[in-house]
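*Asks:* Build the complex: two chains, separate frames, hints provided.
From first to last, the protein sequence lines are chains L and F.
The numbering of the first sequence is this note's numbering, which starts it at 1 and goes up by one.
The numbering of the second sequence is this note's numbering, which starts it at 1 and goes up by one.
Everything labelled a hint here was simulated from the structure, so no lab data went into it.
Note that the structure is a prediction, hence the values are computed from the model and not measured.
Heads up, some of the hints might be wrong.
In silico DSS-like links for lysine-lysine, alpha-carbon gap of 27 Å or less [to be verified]:
(1) Lys-33/L / Lys-198/F
(2) Lys-88/F / Lys-37/L
(3) Lys-58/F / Lys-37/L
(4) Lys-33/L / Lys-222/F
(5) Lys-117/F / Lys-37/L
(6) Lys-44/F / Lys-72/F
(7) Lys-51/L / Lys-117/F
(8) Lys-37/L / Lys-72/F
(9) Lys-33/L / Lys-58/F
(10) Lys-37/L / Lys-116/F
Covered by chain F, according to a simulated footprint, are these stretches of chain L (three or more residues, beta-carbon under 8 Å) [what the hints assert, rightly or not]:
(11) 122-129
(12) 133-146
Selected chain F positions facing chain L (in silico; Cβ < 7 Å) [what the hints assert, rightly or not]:
(13) His-34
(14) Ala-36
(15) Leu-59
(16) Phe-91
(17) Phe-93
(18) His-114
All C-beta atoms, glycine included, are put in the ideal place defined by N, C-alpha and C.
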Amino acid sequence: MPTAETNMPGWLPLKSTFQGAGDFFLFFVRFLKESFKRPFEGREFIVQCFKMGNKSLPLVLITAFIMGLVLTIQTRPSLINFGAAALLPGMVSVSVVKEIGPVITAVICAGKISSRVGAELGSMRVTEQIDAMEVSAINPFRYLVVTRVLAATAVLPILVIFADTISIFSSYVAYNIHDEMSLTSYFSAALSKLDWIDIIPSFIKSVFFGTAIGIVGCYKGYNVEGGTASVGSAANSAVVTASLAIFFIDMITVQITDII
Amino acid sequence: METTNNNETVVRINGLSKSFRDNQVLRDIRLEIHKAENVVVLGKSGSGKSTLIKCLVKLIEPDAGEISIFGKDMSEIEYEELNQFRTKIGFLFQGGALYDSMTVNENLAFPLRHHKKDMGSDKIDEMIHEVLENVGLPDAGDLMPAELSGGMSKRIGLARTLILKPEIMLYDEPTSGLDTVTAKEISQLILEMQKKYKISSLIITHDITCAKMTGDRLVMLKEGTIVAEGTYEDLAKNEDEWIKSFFS
Chain L
1 MPTAETNMPG WLPLKSTFQG AGDFFLFFVR FLKESFKRPF EGREFIVQCF
51 KMGNKSLPLV LITAFIMGLV LTIQTRPSLI NFGAAALLPG MVSVSVVKEI
101 GPVITAVICA GKISSRVGAE LGSMRVTEQI DAMEVSAINP FRYLVVTRVL
151 AATAVLPILV IFADTISIFS SYVAYNIHDE MSLTSYFSAA LSKLDWIDII
201 PSFIKSVFFG TAIGIVGCYK GYNVEGGTAS VGSAANSAVV TASLAIFFID
251 MITVQITDII
Chain F
1 METTNNNETV VRINGLSKSF RDNQVLRDIR LEIHKAENVV VLGKSGSGKS
51 TLIKCLVKLI EPDAGEISIF GKDMSEIEYE ELNQFRTKIG FLFQGGALYD
101 SMTVNENLAF PLRHHKKDMG SDKIDEMIHE VLENVGLPDA GDLMPAELSG
151 GMSKRIGLAR TLILKPEIML YDEPTSGLDT VTAKEISQLI LEMQKKYKIS
201 SLIITHDITC AKMTGDRLVM LKEGTIVAEG TYEDLAKNED EWIKSFFS
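So here's chain F without its partners, still in its complex pose (with noise of 0.2 Å):
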């Protein structure tokens, strides 16, 4: 697999189009993630944003369009192969999607178990640790996934994805179904998350506060097409009736 040097594009994707039977959900995207970059795409509801990110990790098949991530096109390639750069790439879902029978040690050791067969449950231990302290919550490992809030379930879903390393993070509506406050801790942890690991970062977001404290580079999307792109500072001052209104 190749690797990246800082400000090289790690992901590319250029002309994506995307239809579920008659409604179009995707056309024509193109847009590039750089290294370290963290890329947030704001639009409303069912403006395509979650199939988007499917899209980067084939959750769901384009119909058009290319997607490259570290130099490779991701249309041609084999399962095997698919799933060596899946563990290169973190996705959070909107809910955490939790294993709910197991416990969050378990949901934590799972990837590890299945792709670090050679490490010794010390060393998953440790590593647990870790990534449990890094989220905030060092004492939820025998906790079972029913027994979490929503803030708490994003915060080991997202421990889950950074104890395989990632270098690219998808984030599938972080901040959702939050309040306030605990969205703004979510937002601050994925700003800390990038600064540690060096992540580059995919934020699906209609939350304008997410955007503003994670975004380097804000990208609106507005029925499945990309609008504008720029700066949270570059977008604010846009005069365009449908953009204002995610500021105002």
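Isolated chain L, as found in the complex (with noise of 0.2 Å):
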């Protein structure tokens, strides 16, 4: 007898494709309104800060630390031959404040917080912690979902601050080892070549790239189907989607701040 799968007309997949992309938009829709209703988890919403925070912090800094003193070495001989030896530093905060830093503090905590997300809404749902929640009642989406994606909409931007930081301090070490500046000259030849156009735009892509991080980690886990190979699945495609997601939501907003 044929089954269901048998049957299955070749657009399917796409069909499922769709379906996927309008249930992402429904659970995003939901977070919306969720984060508006009373009562709101606040105590949960700072550990989450904290647990984040705290976490993806030593990595983002040696990844922004490395970042730094390697575009400071690998730009140098450049500028040099250019004859624009002068304007090193303020290359280097130019590149690292509107997107080094951004985009390799959002690409880490995507591999962090999206996949520690992923994995342990994941785990709760199929070890049956949620719906205990649920019958509690008291409402999982608003502790769990809510909670987690506004300690990452908060959390990335204040990363991409001690990123940008501690990049533009190694590209000052990486300029000493050649030449010789004070780290109080370095930083303000660095900062005067940045203007509010090139930071705000900038911290507004951190809060989308945070969102995208959240949002993404906790759609994985909160819907895991299945056993305990689910929960490995949904952490990985956390980390890939959300990866992804800062890679578009970083194209689109260069194409916007460059129209403005």
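*Replies:* Shown next as structure tokens:
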């Protein structure tokens, strides 16, 4: 007897993709609605901010330090060839603040935060902890999803500020390998090339990155079906989807900033 | 919310059906639970027992039929009102479903902090101590769920539901995965809680010893349909081969 699967038309995978996108959209709309409802789970929000920030900060700082160092060392010879070595601090700061800092921090957080949230909520789903919350008349969406997405949204811009600062500092370290400049002078030269039009879009972009990282991790984890194997898949899928989302958001914000 | 007198119906299920794709799990279920009564639903794995109690608390939406709790039709209920009913219904999950990032004390305090916002920390501690005493684990408060055995997890899961003083308890396979002695202890605990708090219970199980110990009335579920109903003694005398297979 033919089964439903053997009769499946060829366009069905496309249908399931659109269905997935629709489900994600509804999940996001629900997040927006629940965010404005009371009571707000302030305690859980603070716990999540601490967990996300505290656990991501060392990796973000190490990566940012390396990025600033590498960028300076690799760019310096080209700038010297063009006789523009004095522009090095400014060039590094603009690159870091406008693009490298937010994107690298977001990609690292996609790995750290999105996967952790995806795995955590996924395992809570398969061990019926989310159902237990639901039947205890505690709204699991508000307690688990809203707090985590808002925490990621709040923490990411702060991590980006740390990353930008440490990158410019490592750039100063790299600069002083061959030349000599005081820390104050270097930061002064670096910041003189930055304008609010560079900083504000970058900050807004970081906020969107944080929301994307949080919502993707929560969506993947919250909707896990099946056993423990699905938890690993959810965490993995959360990282991949969040990373892609970061680059899409980056592309769109660059276009908007360019128009402005 | 309506209150009930003794022997009054607290849960009424009428014509309940549920399918997952082509698989019909529940067919036209009709069942009543009275005040302070223990009803056991007995059936083999995959007979739709867990689906039945998940429909009761709206973790699963039924396809057809009516469920009324304390006289209120659950199909028309709004989310906020549903949550008010849920505080009156305790649900013990198969694995206990303890929040694994919290200690036992935090697990027990969690529902209180959400539903009894005016309750002070001292009162919360006192209630935690009381329910831990009731389930026979007075010193388990500082343990993490990962440090508990299967039987302990079920006891703490039970304590977490009892702390809100429910009027109805739903037990999903309370003795599954436990050794015979621990299973009997859990069954005994269910009975004690019923007597102490006058709770109406629906116990889902395939464990005939648990059913015998805890059930005032047994309901046999086969492929999503109720095939027999009565006391343990009544059903033990039934001549049907399928029913006899549980009692042999």
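*Asks:* Now look at each hint and say whether the structure bears it out.
*Replies:* The hints, checked one at a time:
The suggested pairing of Lys-33/L with Lys-198/F is violated, with an alpha-carbon distance near 40 Å, which exceeds 27 Å. At most 27 Å may separate the alpha-carbon atoms for a hinted pair to count; Lys-88/F and Lys-37/L meet this at roughly 23 Å. Only pairs whose Cα atoms come within 27 Å are accepted, and Lys-58/F paired with Lys-37/L is accepted, the gap being roughly 22 Å. Proximity of Lys-33/L to Lys-222/F is assessed by CA-CA distance (about 42 Å); at most 27 Å being required, the pair is judged violated.
Restraint check for Lys-117/F and Lys-37/L: the C-alpha separation of about 17 Å stays at or below 27 Å, so the hint holds. As the CA atoms of Lys-44/F and Lys-72/F are separated by approximately 31 Å, the hinted pair breaks the 27 Å bound. For the hint linking Lys-51/L to Lys-117/F, the alpha-carbon distance of about 25 Å falls within 27 Å, and the restraint holds. For the hint linking Lys-37/L to Lys-72/F, the alpha-carbon distance of about 26 Å falls within 27 Å, and the restraint holds.
A hinted pair counts as satisfied when its Cα atoms are at most 27 Å apart, and Lys-33/L with Lys-58/F qualifies at roughly 21 Å. Annotation: proposed proximity of Lys-37/L to Lys-116/F holds, straight-line Cα distance about 19 Å (limit 27 Å). Counting residues of the stretch 122-129 of chain L whose C-beta sits closer than 8 Å to any C-beta of chain F gives 5, which meets the bar of three, so the coverage hint holds. Remark: the stretch 133-146 of chain L is confirmed as covered by chain F, as 7 of its residues place a Cβ nearer than 8 Å to a Cβ of that chain, reaching the required three.
Taking 7 Å as the C-beta cut-off, the interface hint given for His-34/F is violated, the closest approach to chain L being about 22 Å. For Ala-36/F, the interface hint is violated, since its Cβ never comes within 7 Å of a Cβ in chain L; the closest pair sits about 21 Å apart. Here the hint on Leu-59/F is kept, as its CB sits about 5 Å from the closest CB of chain L, short of 7 Å. At a threshold of 7 Å, the smallest CB-CB gap from Phe-91/F to chain L is about 4 Å, leaving the interface hint in force.
Hint on Phe-93/F holds. Least Cβ distance to chain L is approximately 5 Å, under the 7 Å limit. Annotation: His-114/F was flagged as interfacial toward chain L, and the flag holds, the nearest CB pair being 5 Å apart, inside 7 Å.
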